[in-house]
Every structure is written in C-alpha cells, then in structure tokens.
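Those protein sequence lines, which keep their order, are chains A and B.
Each number in this note's numbering corresponds to the 1-based position in the first sequence with 3 added.
Each number in this note's numbering corresponds to the 1-based position in the second sequence with 7 added.
Because the hints were derived from the structure by calculation, they are not lab data.
All figures in this text were calculated on a predicted structure; none of them were measured in a lab.
Keep in mind that a hint or two might mislead.
[What the hints assert, rightly or not] Simulated pairs of lysine-lysine, BS3-like, Cα-Cα distance not exceeding 27 Å:
#	chain 1	residue 1	chain 2	residue 2
1	A	K23	B	K49
2	A	K44	B	K49
3	A	K17	B	K74
4	A	K58	A	K69
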Amino acid sequence: GAVVSQHPSRVICKSGTSVKIECRSLDFQATTMFWYRQFPKQSLMLMATSNEGSKATYEQGVEKDKFLINHASLTLSTLTVTSAHPEDSSFYICSAEIGRGRDEQFFGPGTRLTVL
Amino acid sequence: QKEVEQNSGPLSVPEGAIASLNCTYSDRVSQSFFWYRQYSGKSPELIMSIYSNGDKEDGRFTAQLNKASQYVSLLIRDSQPSDSATYLCAVTHTGNQFYFGTGTSLTVIP
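Use the sequences and the hints to build the structure in full.
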C-alpha cells in the first residue's frame, strides 16, 4: 500500500517551454500532496503544499506563477514548470500524506528535469 | 538554527557492524519523527516512524526518540552494503509540514 507514482520520470526540454509533471496516489486518497525539489548532493527543499480542491501553499521564495500546482482530485496533483530555464533543472519529487490519522509522507519516484 | 540537524558524514562502517545515525531538532513541540533512506538518484523511502519516547524496532532497524534531549537516532544492525545510502531525518510539528535534515551519507564497506 501507499504507492505514489510520478510521470514522466525524466524529461529534457528547451529553454522557454513548459513542462507538466503528474503525481498520483495509486492505492489511497491523498488530501494533501507536497512538491519538493532537490539539487545534486543537497537535501530536499519543499516547494509547495497542495490540498485537493484549493490553492496550493507555496514556500517563501518559490514563484507561484512559475510553478503552477493543481490538485484536481484526491489522487492527482500536477506541477507545471512554466517558461523553464536551465536553472530549473533539478530532481522534482512529490509526496502524499496518507491521512486518516497517519502523517507519514510517501514519495513518488521523482522526475529529473533537464532544461537545455 | 536549523529545524533539524544531522551530521552529513560520510559515515563508514564495516559490513556486519552497527551503524548509528543521529538527528537533533530545535522545536520542542515536534510531534512525529521519521527516518527515510535515499539511494543516489532515487527518491526517499520511509524506513521508520516514531512518535513516543523510547525505542522502536523493525527488523534490523531501531529508532530511538528522546524528546527531553530533542534527538532521534536510527541504529542499523548487521549493516549490509545495500544499506549504503543517505539517511534523512524528518520532523513534524502541528499540521503536516515536514522538516527534513540534510541527511547523513552511510557507506557500508564489504
């Protein structure tokens, strides 16, 4: 149980294009999902908290107009990196909270984004 | 002061030994504590969660929590080369935001 998938696992795009990353909870409903970014040899950095049916809460310094988050259902959250630049190249990881009194977060496998 | 602090390592132990990983946190009202394992290029994987003072054992892993001293540790018995990874400590306060440490790199030497 508590499986989280992400798609795509790897994407290479040109500078200026937009990239959408999907995060799905496969065997549970997640009212809350989280988006993290991780640069090489650094720790996870929380970008935003996504709640189903409401606007995401962004961490300080994360541009909400650049990183669009949509949590349309209890099993799906999407992150769209708009007008991507090389400095956006990173490992993007989503996680989902299982809820129902349990506060563990389960992580998706991550999406490696390379912007040329 | 960072919310969660870990020694970045690298920590090296011989195969079969006990690996001891430590984590301290700053906020006394922290409620939930987690250990994640992250292999290079992969996403974190939950190993243990602990909520009350004392020890919690799961197979070769033991988590220890001491709220008075504000630390949580992870012991790995009979360490295997496959345990070589970065171990992340995470702490939550009220609400559901996780605070992650920077991780400790563990290498188990065959």
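Verification of the hints:
| no. | hint | verdict |
| --- | --- | --- |
| 1 | K23(A) x K49(B) | holds (20 Å) |
| 2 | K44(A) x K49(B) | holds (12 Å) |
| 3 | K17(A) x K74(B) | violated (49 Å) |
| 4 | K58(A) x K69(A) | holds (14 Å) |
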